[in-house]
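Two chains, two frames, a set of hints: combine them into the complex.
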Amino acid sequence: MTIKVLGPGCINCRTLEKRTIEALKDLNMDAVIEKVEDYQKIASYGIMRTPGLVIEEKVVVAGFVPPVEKLKEILLAHRGV
Amino acid sequence: MKKFIEESPLGTVAVLLPLWIILYAMLQTIADGIISATGLPQGERLTEAVRFFVFEAPKVLLLLTLVVFAVGIVRTYFSPERTRKMLGGKSLFGGNILASMLGIVTPFCSCSAVPLFIGFVETGIPLGVTFSFLIAAPMINEVAVVLLFGLFGWETALLYVVTGLIIAITAGYIIGRLNVERFVEDWVYQIHANTAMLEETNPSLRDRIQSGYDAVKDIVGRVWPYLLAGIAVGAGIHGYVPENFMASLMGKSAWWSVPVAVLIGVPLYSNAAGIIPIVHALLEKGASLGTTLAFMMSVIGLSLPETIILRKVLKMPLIFIFVGVVAVGIIIVGYVFNFVF
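Going line by line, the protein sequences match chains P and L.
Mapped onto the working numbering, the consecutive letters of the first sequence carry residue numbers 1 to 81.
Mapped onto the working numbering, the consecutive letters of the second sequence carry residue numbers 1 to 341.
So that you can see chain L by itself, here it is in the shape it has in the complex (with noise of 0.2 Å):
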């Protein structure tokens, strides 16, 4: 297989395009398939919680790995230096739109943080901007957006990524606009790197699609087993919670329920992969679509690894401002699709 993809990756593609389409449009008959295999009785609890995880489980590892091999793709066209010169002279509000945008599509993983941080910085972008950045980068990633896609639809998925994108454009302006400067610390302003040091070097197409079977491996790779456990307790509580449990809980009677969600979701650390799969079974026993997304945010957009790296570069209260300012943005957000849905 590796060898086939480093002799030909283009070929690859086009095996396994059709493959994936073939398996994908058989989901339904293979699951029922094995269900009746297993010889469980129709209609029971059991026979719904392992309905819905060989379903669902094969499905969304089948769109995840699609849409990370394109998104691996996409990333080898964006650089954190190109973001960087695009971000070069812009203003603070067309700044912080265009910085939120690209930090979906540029490559970022959290452990980069504090290098791309000083990198922004350095060469005289806003921190604002650099901010918007930072919150959208974490907050909108392909394996939320796909996960919401197949679980919960478009409309949802859609709903999330503009939702995210406000957040991070308004959350970003409102620290420009706080002056706090101050409040990085002093040596990130003496640094003064030679940034002409790494040529930028123009991948080949061959190279392009080679860095997507790479995202494919490294990405679902990792997230595969939290993804799998997540559906499972998402099949479990399918099965098992009553109808409307959640509601007197995680309702929209319940005003309060936002703020809590946001509470235990800020310090609550795991991935897309593993909350959203739970999240999704919760909104069916009645919980709110406001409460569930200020939920999901807060624990995919605001993890405490993140706020402990970016603390060698940030003083306490920039740190305290940050996770603030994020935080209200997504209790707003929460209230609003309460209010309005």
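If we strip away everything but chain P, and leave its shape as in the complex, we get (with noise of 0.2 Å):
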């Protein structure tokens, strides 16, 4: 599984992939995680606020940082994709 986080590296980002390696550990999942800084790539993805979260290339979160839990729910459904 690939996983994205989109942000220019501000505060929300950050905490965002942090929060992302927490839920796949207490998942017990495995995962690339890749930071992607640059704007004209973000965009491309059609997220219009920051930071944006990105399973498989399929935008799932965008413009909040959602608690661990939420992620873990998030990373459950989007598993077997």
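If you are wondering where the hints come from, they were derived from the structure by calculation, not from laboratory data.
Be aware that a few hints might be false.
[To be verified] Derived pair list, reagent style EDC-like, types lysine to aspartate or glutamate, alpha-carbon separation capped at 20 Å:
no., chain 1, residue 1, chain 2, residue 2
1, P, Lys41, P, Glu57
2, L, Lys217, P, Asp30
3, P, Lys70, L, Glu7
4, P, Lys70, L, Asp214
5, P, Lys72, L, Glu6
6, P, Lys18, P, Glu37
Quick caveat, the model's predicted, so the values are computed rather than measured.
Encoded structure:
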């Protein structure tokens, strides 16, 4: 599974990355986390608010940092994709 | 506390709201109690400064908490995506008016300015309309309005919102008429994003109230140190700076004070929470309303970090046009108010 964290490197993006790693660890899931900081690439996902979370090229979160529990739900829901 | 909110957001509101009202009604009594408990002599400068602080700081914090909570709920009804849809196909002037007003209620942070700009331009929203949004969104924010209401009264708060809207509308309109599309970085027009990727969800009332609490935690949690520092400096000015000290520097008679205030205000990086209490104290010491308003607007509305972020999508000439048009608008507002009041 490939997960991308979209954001120019502000505090929200770093928090999202940290929580995603935490959620993955809790779920015993394995994934490659990639940080996308380039505005051009961020914009190509069509999001208008950072931070964004992309699982297998699908935008699942944009504009806010969900709590770890919510991230776990999202990760589980997109696991099979 | 966190558990209560998560289990019953509505119930927590029912408990906290009356508590808020009681606290707010008792502010003066509590402040007087603190002053007499410290045993500070009446009429002394230090006493006046402390009295100012122990009354104003909790008052503004209480107001801020309530308004940020309410705005946090209101914002769940708006999103940049929805705003973009509403702005699609609007004429230039009408679009400018709508964009400025949506700029107030749409969730926005300056770190999202670039994706938002691209998202707007890409779907064909005119540059001028996009700028109206980008000017109004940071300038007219809930923190500024609450502080103006709490410290200056509702008239000044309303004045700030209305003049801020007028600047955002006209500056956006002017930029739109200047045909500056060539000063947008070329790659912006080459992006063809998949706009239908994120499904819109309709949050429940419970989620919306939760967003209100999140907004309080985020915004009040972030600005309270600035707010206390600002009010402390304001209290110092209130107690120690002699009356009319500012009259010669920022008063009506000093014609140059408005442009100078804007020149100092633009590069100065502060948020509304830190700057408004200080400005309030200056006004009390003889600064004129127009100059004060111009200073505030240039500090809050035009910030260096946001301009640097926008440089990623705008070429230098357009950066100068953007800052220039807004700065001139603020200067005109300053002069008009000095003239009228």
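For each hint, the structure was consulted:
Annotation: proposed proximity of lysine 41/P to glutamate 57/P holds, straight-line Cα distance about 12 Å (limit 20 Å). With a CA separation close to 32 Å, the supplied pair lysine 217/L and aspartate 30/P exceeds the 20 Å bound. Taking the CA atoms of lysine 70/P and glutamate 7/L, the gap is near 15 Å; set against the 20 Å cutoff, the hint holds. As the CA atoms of lysine 70/P and aspartate 214/L are separated by approximately 14 Å, the hinted pair is consistent with the 20 Å bound.
Taking the CA atoms of lysine 72/P and glutamate 6/L, the gap is about 17 Å. The hint holds against a cut of 20 Å. The hinted pair formed by lysine 18/P and glutamate 37/P meets the criterion: a straight-line CA distance of about 16 Å does not exceed 20 Å.
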